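Asker: Residue-level listing of the chains:
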Amino acid sequence: MVQFIFDTLFRAADLALIAVALSAVYSLIRFPNVALVQYAVVGAFVGMALQQQGVPIVPAVLLASLLVGGIAQVFNAVIFQRLLRLDPAIALIGSLALSMVLSAGFLLGFGPAAQRFSVQVAPATRVFGVRVTEMQVLTGGLTVAILIAFALLLFRTPLGREMRAVSTNPVLAAATGVNTARVTGLVVFLSGVIAALGGAMLALRGSVSIDMGTNMLLPVFAAAILGGLGNAFGAVFGAIVIAAAETLITNLNFGPIVGQDHVFLPASYAPAASFALLVAVLLFRPRGIFVSEVTRV
Amino acid sequence: MSDFLIHVISVSCIYGILALSLNLQAGFTGLMNFGLIAMFGCGVYGAGLVHRFGLPVALGPALALILAVLMGLFLARLGRRLSTDYWGIATLSIAEIARIFATNLEPLTGGAQGISGLPLLFSGLRPWDGAARLALFAVILGVAWLICERLVRSNFGLGMKLIREEPQLARALGYDIDRIRSTVMVIASVIAAVAGVLYAHYLSFVGPELLLAPETFLIWAMVIIGGIANNRGVIAGAFAMQFMMAYVPFVKDYFALPSDFVAAARLMLSGGVILGFLLLRPQGIFPERVGGRHDH
Amino acid sequence: MKKMIRVLAATSVLATALPAQADVVIGAVLPLSGVNANGGEDQRRGIELAVAQINEAGGVLGEPLKVIYEDSGNVPQRAIDAARKLVSVDGVALVIGEYSSGITIPLGQYLVAEGVPHLNPASTSGLVRGIGATSFSMVGLDNVSTEFAAKDVLDRGWKRVAVLAMNNAFGQGVANEFGAHFAQLGGEVTTTIMYTSGQTTYRRELQQAESTEPDAYVFTAYGADGGLMMQEAYELGLQEDPWYSILITMHNADTPAEFKTGLIGMDVDYTADDTSYKAAYEEAYGQSFQSAWSGYAHDTTLFAAETIERAGSTDRPAVLSAIAELGAEGFTGVTGEIKLDADGQRMWQPYQKLKVEGDALVSHE
Chain A
1 MVQFIFDTLF
11 RAADLALIAV
21 ALSAVYSLIR
31 FPNVALVQYA
41 VVGAFVGMAL
51 QQQGVPIVPA
61 VLLASLLVGG
71 IAQVFNAVIF
81 QRLLRLDPAI
91 ALIGSLALSM
101 VLSAGFLLGF
111 GPAAQRFSVQ
121 VAPATRVFGV
131 RVTEMQVLTG
141 GLTVAILIAF
151 ALLLFRTPLG
161 REMRAVSTNP
171 VLAAATGVNT
181 ARVTGLVVFL
191 SGVIAALGGA
201 MLALRGSVSI
211 DMGTNMLLPV
221 FAAAILGGLG
231 NAFGAVFGAI
241 VIAAAETLIT
251 NLNFGPIVGQ
261 DHVFLPASYA
271 PAASFALLVA
281 VLLFRPRGIF
291 VSEVTRV
Chain B
1 MSDFLIHVIS
11 VSCIYGILAL
21 SLNLQAGFTG
31 LMNFGLIAMF
41 GCGVYGAGLV
51 HRFGLPVALG
61 PALALILAVL
71 MGLFLARLGR
81 RLSTDYWGIA
91 TLSIAEIARI
101 FATNLEPLTG
111 GAQGISGLPL
121 LFSGLRPWDG
131 AARLALFAVI
141 LGVAWLICER
151 LVRSNFGLGM
161 KLIREEPQLA
171 RALGYDIDRI
181 RSTVMVIASV
191 IAAVAGVLYA
201 HYLSFVGPEL
211 LLAPETFLIW
221 AMVIIGGIAN
231 NRGVIAGAFA
241 MQFMMAYVPF
251 VKDYFALPSD
261 FVAAARLMLS
271 GGVILGFLLL
281 RPQGIFPERV
291 GGRHDH
Chain C
1 MKKMIRVLAA
11 TSVLATALPA
21 QADVVIGAVL
31 PLSGVNANGG
41 EDQRRGIELA
51 VAQINEAGGV
61 LGEPLKVIYE
71 DSGNVPQRAI
81 DAARKLVSVD
91 GVALVIGEYS
101 SGITIPLGQY
111 LVAEGVPHLN
121 PASTSGLVRG
131 IGATSFSMVG
141 LDNVSTEFAA
151 KDVLDRGWKR
161 VAVLAMNNAF
171 GQGVANEFGA
181 HFAQLGGEVT
191 TTIMYTSGQT
201 TYRRELQQAE
211 STEPDAYVFT
221 AYGADGGLMM
231 QEAYELGLQE
241 DPWYSILITM
251 HNADTPAEFK
261 TGLIGMDVDY
271 TADDTSYKAA
281 YEEAYGQSFQ
291 SAWSGYAHDT
301 TLFAAETIER
311 AGSTDRPAVL
321 SAIAELGAEG
331 FTGVTGEIKL
341 DADGQRMWQP
351 YQKLKVEGDA
361 LVSHE
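Chains as they are written, first to last, in full-length UniProt numbering: chain A, 1 to 297; chain B, 1 to 296; chain C, 1 to 365.
No lab work stands behind these hints: they were computed from the structure.
All of these numbers come straight from a predicted model, not from anything done at the bench.
Check the hints yourself; a few may be wrong.
Which stretches of chain A does chain C cover? Using the computed rule of at least three CB atoms under 8 angstroms from a CB of chain C, they are [claimed, not checked]:
hint : stretch
1    : 116-125
2    : 201-211
3    : 249-255
4    : 264-271
Glycine included, C-beta positions come from ideal geometry on N, C-alpha and C.
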């Protein structure tokens with residue numbers, strides 16, 4: 001049981017940062033930006049490239065995420081603002097297309113093989129009978145710290161109040177003197193930074209290949225939609241639910257039911273669990289479990 | 001040489017049929033289906049399963065038809081309460097679920113090894129079999145085009161476009177939106193499944209790799225390049241994309257580029273074409289004919 | 001519309017004009033992108049070395065030998081498209097390919113339907129046997145290798161093992177064949193886990209395997225997957241129990257030394273008695289063998305050149321009968337003697353037991 005909780009939390013940590021970034025940016029720019037998962041890959045790859053150039057790991061990751069924040073702003077200005085004038089659905093297609101172009105860039109720039117940061121790896125230690133590795137604790141802790149920092153920014157600073165104001169009612173916010181363009185630009189930048197940090201955390205725990213973006217796309221969306229797109233911290237809850245579903249389906253031993261010692265569902269069904277959950281939620285609660293539109297300002 | 005040209009044109013015809021199917025949904029009715037490949041998959045696996053279990057080949061299209069109708073109805077049902085972008089994500093998920101099951105349900109689908117050795121169409125007509133297949137595909141593409149044209153010019157087609165532009169108005173005018181959506185999805189799904197059956201008997205192999213999500217985006221690129229909501233345009237788009245994809249390896253040979261280039265260039269082509277057209281010419285090469293003729 | 005047709009016509013004329021060569025040309029369809037790109041690249045190296053060796057010795061039929069490489073992208077239909085180009089545009093004498101069985105089988109079936117000779121340089125699934133009359137394997141199939149592995153594992157005293165294999169044609173073949181041989185020899189497979197290649201983590205799969213409390217873990221994995229899996233097995237402490245890798249060279253180069261201490265395994269033997277190939281490889285690429293597959297691709301190319309020489313032309317029926325003739329007689333390459341059975345499959349090949357020492361693999365008898 002404890003193992004199950006740990007597995008769920010670590011899987012949730014994989015998804016949470018990118019899902020929060022996706023949800024935060026959706027609250028201001030009303031279309032689901034698929035390219036965000038690719039920003040995470042960019043963050044991881046740029047960080048690893050910097051480290052190979054001799055930059056120590058912490059500045060490498062920070063530099064990479066700031067860079068991705070900038071890239072996110074550029075893409076938003078050059079591509080998405082223009083496409084949004086046509087239709088949000090067109091912007092969604094545009095973000096899918098941008099993802100493909102980015103993957104092509106990764107393929108040419110980094111090759112098809114999976115890569116990881118060069119960090120010391122130590123065997124797991126047992127905590128409450130559960131094995132955890134140093135990297136898991138470290139990246140898990142960092143993920144929580146980043147989430148808390150983002151929450152403080154959103155709920156405890158004047159800037160955060162402006163963000164929430166713009167997301168709830170942009171017209172009213174503009175009328176009361178909020179610079180909506182600046183606020184939107186900042187959120188786009190932050191979403192890029194958070195997504196890139198999410199990618200870097202993944203590359204610290206395991207390895208990142210150019211396909212990671214594609215593989216993470218639907219679980220991340222499932223988490224964000226489950227939490228109610230636009231509700232940034234609903235996405236954290238969504239990530240935990242998705243992670244629990246995935247972990248449950250791979251950890252359940254069906255052996256006793258069919259009269260054998262060990263029968264597991266193939267682990268490759270795990271993604272199907274999260275997608276099915278996503279479809280079910282969309283069928284029965286199309287706006288997610290938490291509705292974002294009523295958040296207080 | 002001509003064999004290769006016949007091959008590229010044959011595959012272009014199949015993708016032309018798929019582009020027509022997507023155009024019916026996304027172009028005319030505004031249904032942003034990112035899981036089109038699952039409808040194609042109904043056809044591919046319909047033909048594949050019939051072969052795997054030793055049933056008569058003729059049952060392939062029948063099984064494909066049943067699967068396609070169910071898939072169309074299910075996706076339409078999902079669309080009832082969802083906004084366009086949410087529905088797009090939902091269709092993408094359905095397609096991925098289908099692919100995961102195709103990969104893992106080994107006893108049924110043959111798993112990752114797929115199903116090989118499907119009978120090739122007209123293999124008895126050698127050496128004219130390639131031309132015969134091409135003729136068949138071209139005829140079916142023509143029929144699909146006729147059906148699509150008739151449909152969008154009918155009163156029903158007016159309803160489709162109204163749903164795309166002004167769903168509230170459509171409802172006020174007495175159009176049954178749910179019924180129109182389901183009908184469009186079923187017709188489009190069947191058209192895509194026909195393409196799937198043809199492709200399965202052309203490749204003579206069926207496997208989960210045929211259902212990868214980027215294949216859907218390739219078809220999107222065809223529709224966007226050709227001109228969304230223009231049936232002739234999307235067929236031209238399908239031919240243009242297929243020819244570009246097919247000739248990438250020649251460019252590689254000519255400039256002696258590394259072979260990673262081919263995979264990257266194909267991704268870059270589908271993605272870049274979509275982005276470029278959306279930004280610079282969102283109506284595509286052949287724009288929709290606004291106020292087109294309607295036969296009442 | 002008219003403009004479009006004109007553009008299309010122009011491009012196809014351009015493409016017709018492109019291929020012009022007087023050399024003897026053969027084609028190779030390899031996974032040069034996708035998860036198996038490292039394996040494909042190693043195959044390409046083997047072919048390049050063979051081509052250099054052949055052309056230094058005067059080429060084939062007095063002409064230089066040329067190989068056109070096409071990328072399968074690890075997708076069957078791309079592989080078939082590539083083969084179509086090789087066959088109908090480049091007019092190659094024969095096609096070598098591919099790496100994974102799931103692609104070799106449809107590729108081979110296409111070539112058989114076209115009557116083009118197909119040489120399989122790597123795929124070991126038992127299903128390869130059924131491809132057809134003009135398809136030949138230069139490598140022994142799974143039934144032989146897994147029996148060798150099952151016997152080796154049991155000889156080491158491990159009676160209950162968990163099996164992990166990638167979920168594709170090759171992995172499914174290995175898992176089924178190994179399980180059958182292992183059970184027949186009196187062992188027990190506690191669980192068989194088919195994992196999807198290319199994931200960011202394999203913890204779930206490893207934990208499923210661990211919960212069955214096996215004596216040892218038997219697995220097979222491609223490059224980067226294997227590296228990550230070994231790292232996570234190390235982190236999870238699963239390497240307290242022995243790990244045994246089937247076809248260990250596929251992932252050895254991608255696995256850092258610290259995560260594979262004590263790893264043992266088996267692979268096809270690619271250095272039989274002759275060390276000149278090893279020396280040539282190391283000189284050309286500045287590293288030791290990345291996998292077993294360069295040796296097989298190398299021998300496949302030598303075999304192809306020899307058959308074209310015997311046939312006296314690149315005429316396909318002549319090449320086919322030369323392959324049958326040479327296959328029956330036997331041909332010696334760096335992977336030992338290549339002799340084909342009635343189905344055109346390699347009858348016998350040497351295997352070796354290997355263990356990890358630092359970063360390198362050494363023989364372990």
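Asker: Tell me the numbers of any earlier hints that the structure contravenes, in ascending order.
Answerer: none
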